[in-house]
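Chemist: Reassemble the complex: the two chains are provided individually, in unrelated frames, and hints are given to aid placement.
Okay, here's what each chain looks like letter by letter:
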Amino acid sequence: MLSENERKILQTLRKIGKASITDLERETGLPRSTIMALIESLKQKNAIKIYEKTRKHLKLTREGEIRALQGLPEKIIAHKTWGSGGELEIKEVPSVTGLSQEEVRIGLGWLRRKGLGKIVKGKVVVHEKPPTELDEEKLLRKIYVAKTINLEALKPEERRAIKELVSRKLVEELEKKEYIIEITDEGLKLLEEEKEYITIITHDIIKRREWLRKEIKPYNVKAEPPKVYPGRKHFYIEFLDEIREILVSMGFTEAEGPIVEVELWNFDVLFQPQDHPAREIHDTFRLKYPERKPVETEVAEKVKIVHETGGTSGSRGWGYVWDRRISERLILRTQTTSVSARFLYVNREPPVKMFTIGKVYRPDTIDAKHLPEFHQLDGIVMDRGLHFRNLLGILKEFFKQLGIEAVKFKPSYFPFTEPSVEGYIYHPRVGWVECFGAGMFRPEVLEMLGVKYPTAAWGIGIDRVAMVILGIDDIRDLYSQDINFLRNRKVFMR
Amino acid sequence: MPVTLIKKRRLLNLLGVEASDQDLIEALSRTKVEAEVVDPETLEVEVTPDRLDLLISEGLARELKGILGLERGYPKYNVYDTDITLKVHKNVKRIRPFIAVAVVKGYYVDQDALEELILFQEKLHMTLGRDRRKAAIGFYDLDKLNSNKIVYRAEKPESIRYVPLGETVEMSGKEIVEKTEKGRKYRHIVEDFGEYPLLHTDKGQVLSIPTILNSEDTKVEVGTKNLFIDVTGTDRYLVNKTLDIIVTTLAETASEIGRITVEDVGETYKTPLLSTTELNVELDYIRSVVGLNISDNEIVELLERMRYNVENVGNGVIKVKAPPYRMDILHKVDVAEDVAIAYGYNELNPELPKTFTIGRELVKTRFIRKVREIMAGLGFQEILTFTLSSRNLVAELLGTSLDRQVEILNPISPLYNTIRQTLVLNMLQFLKQNQHADHPIKVFEIGDTIEVVSGEVIGETKIAASILSYRVGFEDIQAQLYALFRTLGFSVSLEEENSPPKIFLKGRVAKVFINGKHRGIVGELNPEYLLEKLGIEYPVAAFEINITNMWNETRKG
Chain A
1 MLSENERKIL QTLRKIGKAS ITDLERETGL PRSTIMALIE SLKQKNAIKI YEKTRKHLKL
61 TREGEIRALQ GLPEKIIAHK TWGSGGELEI KEVPSVTGLS QEEVRIGLGW LRRKGLGKIV
121 KGKVVVHEKP PTELDEEKLL RKIYVAKTIN LEALKPEERR AIKELVSRKL VEELEKKEYI
181 IEITDEGLKL LEEEKEYITI ITHDIIKRRE WLRKEIKPYN VKAEPPKVYP GRKHFYIEFL
241 DEIREILVSM GFTEAEGPIV EVELWNFDVL FQPQDHPARE IHDTFRLKYP ERKPVETEVA
301 EKVKIVHETG GTSGSRGWGY VWDRRISERL ILRTQTTSVS ARFLYVNREP PVKMFTIGKV
361 YRPDTIDAKH LPEFHQLDGI VMDRGLHFRN LLGILKEFFK QLGIEAVKFK PSYFPFTEPS
421 VEGYIYHPRV GWVECFGAGM FRPEVLEMLG VKYPTAAWGI GIDRVAMVIL GIDDIRDLYS
481 QDINFLRNRK VFMR
Chain B
1 MPVTLIKKRR LLNLLGVEAS DQDLIEALSR TKVEAEVVDP ETLEVEVTPD RLDLLISEGL
61 ARELKGILGL ERGYPKYNVY DTDITLKVHK NVKRIRPFIA VAVVKGYYVD QDALEELILF
121 QEKLHMTLGR DRRKAAIGFY DLDKLNSNKI VYRAEKPESI RYVPLGETVE MSGKEIVEKT
181 EKGRKYRHIV EDFGEYPLLH TDKGQVLSIP TILNSEDTKV EVGTKNLFID VTGTDRYLVN
241 KTLDIIVTTL AETASEIGRI TVEDVGETYK TPLLSTTELN VELDYIRSVV GLNISDNEIV
301 ELLERMRYNV ENVGNGVIKV KAPPYRMDIL HKVDVAEDVA IAYGYNELNP ELPKTFTIGR
361 ELVKTRFIRK VREIMAGLGF QEILTFTLSS RNLVAELLGT SLDRQVEILN PISPLYNTIR
421 QTLVLNMLQF LKQNQHADHP IKVFEIGDTI EVVSGEVIGE TKIAASILSY RVGFEDIQAQ
481 LYALFRTLGF SVSLEEENSP PKIFLKGRVA KVFINGKHRG IVGELNPEYL LEKLGIEYPV
541 AAFEINITNM WNETRKG
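Chains as they are written, first to last, in this note's numbering: chain A, 1 to 494; chain B, 1 to 557.
Isolated chain B (complex conformation) (with noise of 0.2 Å):
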């Protein structure tokens, strides 16, 4: 979930009330939001992705003011129709098509603000824009543009040139992509279409390649005061609801927010759109979800908390219509989370349910349970190891070839690119481990495991149980195996295994037939393998049965 660090007297101002520390958490903890003090002027806040407008502290501000009591309803905006236009030309269509701009006048940034606002974008780029490449935004200061019409087209990279932010120099499109690091880092995006987009006036004044670098020129520093704002991307919707959320929170303390005019090819519109999602919803229906008996009053009041508009359409429906900055009413449950939200999770009273069930567990739980506690009686002590295994080491050790294992595309470590086929090999690296712990120690593990037959994913359950002493041999492990099993009511019989898996000793190894099915092996280690392969210096037996299904064979027995 995204995480930001937020002024806290920035917060605390555009609050007006004075809070401590704590408060100031605890209040924030009926939001969406996880808050922690990283050092007295900073707090770090997490974010759930359905609330991005809470990135910065206009929005946090608005949602406390309301969580609070200090504020309700739907919040008020000045908008007017400023004199800009932006003509969208044919050109840039097929690189990146969608733009919506607005002006957000009355925003006084100071050095608080510029942190946030470039934390604001950074952060908004990261979720909704996923990484800039359905959405990247520009922020420009609207005063030091050169005029109030600008283009939005496609250039030849050569052709472009313009003092990228932060550097002195001006430089090409090109050397843009090469020489600077956002250049570097976001080149991707729009490299593949021989032109870049690119955001002038129609003075040639560079704002900026947008989804790559503003301009120098336009920046937005300590001391501007009117924002120009643009959103481009490849997905309509989001560029338009981007800066709707935007705009909408950082007129939270700012003055106005101002249309444009955009000439699109074949249609003319105005943005932001500052679209509102509209609901209808029963009230019987919020009380349902919620399980809270509250009257419609309390709930039309607890939504106005929430900053919706509410309207009582009668017969026990109200409308609602939800702020521009709210992407996340998909539904009219999503509505009812907010009224509970409201109300204070905390203040909800917890309450069972009266229905009445039998509660049950696997046969598969019940059965593994009886033969832990059998091991456990003949004395072996219960290990878990990691199912994430490794496909070579499988293959080498026990002979299985690759395309038995499944293979993971993104293993954190060539030792973890597999979900393990077998029990015995992580029980020899433990007994490695613990080869000088007092002896003897027999060991056992219980586990899911999955093999490929035939390009099927097949999931099993296997056990693997060994014992590591001064003198150890067939016997030994023999005895526990037979005690195991005839103990669950089967019956043991072992055949000469003449090919077997490197690791075990031939001549001192068999098959495991239980009940007449072949199921698994038992035998010596083979000691070469044991110290040069493994490390370890003393003799191991061990035996790993497949058991899947044989709960199902017990019961019917």
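The shape of chain A in the complex, shown without the other chains (with noise of 0.2 Å):
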């Protein structure tokens, strides 16, 4: 029995005679990767005969692809010469024709073989006006257009003037082995018995109920099918809507803020003093263009007291002269607590329960771990009576709702939070991995936010959480540029 594929290539055969293979892709659209194959199974049925041919062609050498661009020197010389008046000296044939004197000396030649002019007293003369294109030209525009041409598909005009361009090395023959293939009588026949089979029911078919005149061919169930692939949403934008639905059935308001932000809302505001290192350029990407941008001066004016003494805070500050010009460069923020910051200020009554997921920033090099560019997820949640345990207890039961059992916290720093404490998630495949710091905002940043209750703060490398979870050990598989893996991925579920 007879696939589609096979059937489309006999019945091709059929029509046309001896066929190429590129005579049969062109003629069924299949790929000759494609076509091959079914030639290997038609030559198994007998359905066709396959033998070799040489054929020649004709190609261009690269002298030819000069003149099939610029044209003959012949006509090139006549032109010149017609434009000239019909007189040109021969000694001044070069400078008008830009032609070197091995190709003066050869247009010459053809020039008075082909009657375009005569040489007369070291004159080159001409008496009518050339044609524009001589029929040589033609045909080696006609090769440079099809790279090669077969030399039986040449017309009888044309088989004159490819003599004169294979004599002058413009052209030159090469042979080419084809296969050549043919349909067998068992192909007739094969395809004769084919026609009572139906392969695929159409609408005809089923209007005209052929079924009940043709026998429905049976199908190879146990074939593989074709690859089809579908469209999906990226594995790890997955991954932090889950997130999202976790946090936000935890009661938390989604906000976001912007990436290119002030060192004010990026550290000021965090109490992190203008001359720490996370500030320097080894750790901040920081904006060349456009430099700064003006802070809002109500907030300015807050965080210099609070830097400079510790404002009403009860803090003892960090007693240095503060500087708003320092506040206003623009950097890629480095962490996502810009957005609680900046959300806090205008959120100042109680309860307020706020994540954001975004990006952040830092001039890392690229390897398994460390990649410039990565997310934070950050929330901040702002009570009365909050406490450091109410912290511990939300972070436990975010990782709990992502399936994590295991959380464990030890003391830490930040400048921004008091008691601070960083935390690790236990994963049986790889064990204790670092993720999170936390903490209560310290009485400083509540102040130049105008907050007046507790609140607590964290943010987690969402990236490395994603890891454990989703089975990754090189982060830059989270940004997999291989459409293959991102085709291939299982779907997750928590």
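Some hints here could point you the wrong way.
[Said to hold, decoys possible] Partial list, derived from the structure: chain A residues whose beta carbon lies under 7 Å from chain B:
1. Ile281
2. Phe388
3. Ile483
[What the hints assert, rightly or not] Calculated pairs, DMTMM-like style, for lysine to aspartate or glutamate (alpha carbon to alpha carbon, straight line, at most 20 Å):
4. B:Lys370 <-> A:Glu245
5. B:Lys123 <-> A:Glu280
6. B:Lys123 <-> B:Glu175
7. A:Lys176 <-> A:Glu152
8. A:Lys18 <-> A:Glu186
9. B:Lys65 <-> B:Glu18
10. A:Lys163 <-> A:Glu186
11. B:Lys156 <-> B:Asp141
12. A:Lys408 <-> B:Glu191
13. B:Lys179 <-> B:Glu158
14. B:Lys370 <-> A:Glu242
15. A:Lys147 <-> B:Glu175
16. A:Lys408 <-> B:Glu373
17. B:Lys354 <-> A:Asp383
18. B:Lys370 <-> A:Glu186
19. A:Lys490 <-> B:Glu34
20. A:Lys114 <-> A:Glu158
21. B:Lys502 <-> B:Glu396
Calculated directly from the structure, the hints in this document are not laboratory data. Glycine residues also receive a C-beta, built at the ideal position from the N, C-alpha and C atoms.
Modeler: Encoded structure:
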């Protein structure tokens, strides 16, 4: 029995007779690799004959390519001479035409032979306007466009021209072996028999009740089907959506903030002193253009007082002279805590529960553990009577929802939180992994933001959490640029 | 965060108990230290920048003794007044104005102690000292000094002569900054002044050019028993605090701390100051911050384990005194944290807050999710590419002028010197890498972009989609564009784009109007650019649309 495509090949062969593989490609629209496979199977069914044939092909030489583009020297000389009033000193020909001495010599020979002009007393003489394009040039251009051309495909009038071009070494003949395929009697018979089968049920077949007259061909159900890929969301984006779902279910409202940030919101409001090493260029991407952005005076004034003396927060501050210009420098945010700070600044009434997921940037070189840009998940809770154990409770619950049962806490330090904690999660595949920093916002920070109630804050390196849970060991795979990796990932269910 | 190496055997000796590696690391994890075993002799410890006293075995042992309940309360220091004086000359004030000096007696230096001491000094230089700019530390063998009168003054480089540490021949100040490694590295700190700070005895024995290099003559080595220490710098508080941290930490093994009389310009005082921080803290405040309902006595005990001196002043208020090595106590909340640390973070019972709230995603998030679902339904694979991008590439291929793109001052590579202003470029890079995968390749990305409009940085959200296959045309991508936006409830119309970016093919590209507003571009890509610039051998058709704030429009409609 014949497959759909085998049938197509045989029908084509019956229609056009002998065919090369290129012919079949053109006629059936099938890719060459598929045709090769079909030929193999048709040969085994004795439906076709294959034999080799040598064909002569014509191809331009390097010189031929130049002539195809610029024209033949005899025509160029004839034109220039005609343009100079029908006469031109031979010694002036190279400078007028731009041809080399050798080309001029050849050109003059052909000029006489083709009767385009004469040589009289050291002068080229042309009596009639020469044609814009010679037959030989037409042919050169034809071959140039087609790259190669079959000798048999030439028209009789082109045969003479080709002889000249070959003799002038502008065109060379190449022999090319080709497979020629021909349908056999067996093949024709198969095609006839196949008529009785229905391979594809179509609208017409149904309407005409053809299944009553013909047999429906059974399908090889065990064969591998062609590969298709569903349109899909990115697996990491889907993971981040799961994170959102957890936080929304825990009563958190989503927020966002700018990626290009002033230092004020990324550092100053978070009580990082202005000479803190984290602000230096090996830890923070700074902008050269634009360099700065004015900051809100109301915030800036508070920040200045708190950094210098602690203000009314009960702190002694950092005890240095705060510089507004530094707080106006533009950077790529190094943490999404800037979003939390901005949110609190305009939402000062309790309770507040906010989260944000966004890109943050650090000047790290790229390896299996580091990227210069990655995602961070930040969250805050502000409420009357909120305490440090509540913060630990929220973090533990969040990871529990993600299927992580064991979370370990450890004392840490951040300039903007106190008490501060960093945390590890446990996964049987990789053991303990450090993945978050958290704490209660310092009184100095709350004073700058104008917040009167305790506020718990955390930042989670969500890329790292995703790697643990999704079984990825190289952070670059989260941002994989390999479509097969993306197409073949299994869905994630928590 | 600063990292250093600690001799395990030294730490255990100081601690006075035996412990397995695991127990030791576990105990350290209850402090602000993260430790890891490097080899049987060595621990690598990472210390938070507020507790730099933990960068040496003495500091770690002191902290662990408290945490483990082996010792309690304010550490005792034997402080005595030495007969040493330091004279500060006026001429050094403009170069490096502040100095503090001290003696530590009975500090027996063996090979392990020497290695830790050198690392301690180096790490303090990097952190507190901001690479010696704000503060620089010198250790000397007290017994090698030829006089008890020390002078701190400025001197011309060519007039300074001594054998620098690690060298065998005498050099001038000029030679030291040119020929020694430390000289070359730190000369910038003092060079602009024409003179260098110099520490020497009244008998002409040079101790060091502070900030640069000590003398071989006074060096600390195995067998040294008594130390002379100086800290110089530009910030008086920091200079004194750095010295306090060093002497009170070394005092964990040393027998005495010796004070030195400093005859400074216009004033005489003694260093080290050994200054403490005293605060009144309400016990209820501590309970409310940590969320612990524990008794007054328990709080006092926990604070004593963190080495505070605690005094009950009545009315539920205590007066705490933090030891001189603590420079991180800015506010009473810092005292509250120490209670939590002493209690043990993992002993605290995590508790969810009781307040009821309703959560909600951003409208933008929900809108984008709908867009993603439609795109997936249309058979597109979502991709995620970097937002860092190349200014010149964007300018060249998309014709975006440079002043519309931000420029990063310190990029890790010229390929990442801006935040993208378009998604389509990274998408083409993606297609280039994947052009030989199974066709058709249909991909999309939604992401934030940045554009500079008259000097102002504007954040936008865009969607780009493209199709690459053996045969792809304008209509193929146009159909998807229309399907997407009509499903979202918008009207779509196209107008000819007569001056498209170079990567698009003139005549097969259009401006896209969504609800009448110009929002993007759709078209076939220019085969010349595909092949020559990008190396893509298949036709590609793409669109990119600015979807900023569309989420508000859908809700209205």
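Chemist: Now look at each hint and say whether the structure bears it out.
Modeler: These are the hints, each one checked on the structure:
1. Ile281: holds (4 Å)
2. Phe388: holds (5 Å)
3. Ile483: This hint holds: Ile483 (chain A) lies near chain B, its Cβ roughly 4 Å from the closest one there, short of 7 Å.
4. B:Lys370 <-> A:Glu245: holds (15 Å)
5. B:Lys123 <-> A:Glu280: Cα-Cα ~18 Å, so holds.
6. B:Lys123 <-> B:Glu175: Given that 20 Å is the threshold and the Cα spacing comes to 27 Å, the pair is violated.
7. A:Lys176 <-> A:Glu152: holds (13 Å)
8. A:Lys18 <-> A:Glu186: Holds, at about 16 Å.
9. B:Lys65 <-> B:Glu18: holds (13 Å)
10. A:Lys163 <-> A:Glu186: Judged against 20 Å, a Cα distance of about 43 Å means the pair is violated.
11. B:Lys156 <-> B:Asp141: violated (26 Å)
12. A:Lys408 <-> B:Glu191: violated (50 Å)
13. B:Lys179 <-> B:Glu158: holds (14 Å)
14. B:Lys370 <-> A:Glu242: Within the cut-off at roughly 15 Å; holds.
15. A:Lys147 <-> B:Glu175: violated (74 Å)
16. A:Lys408 <-> B:Glu373: violated (37 Å)
17. B:Lys354 <-> A:Asp383: OK: Lys354 (chain B) and Asp383 (chain A) at ~10 Å, within 20 Å.
18. B:Lys370 <-> A:Glu186: violated (57 Å)
19. A:Lys490 <-> B:Glu34: Status violated; Cα separation ~36 Å.
20. A:Lys114 <-> A:Glu158: Satisfied, since the Cα-Cα distance of roughly 16 Å is no more than 20 Å.
21. B:Lys502 <-> B:Glu396: holds (8 Å)
Of the numbered hints given earlier, the model fails hints 6, 10, 11, 12, 15, 16, 18, 19; all others are met.
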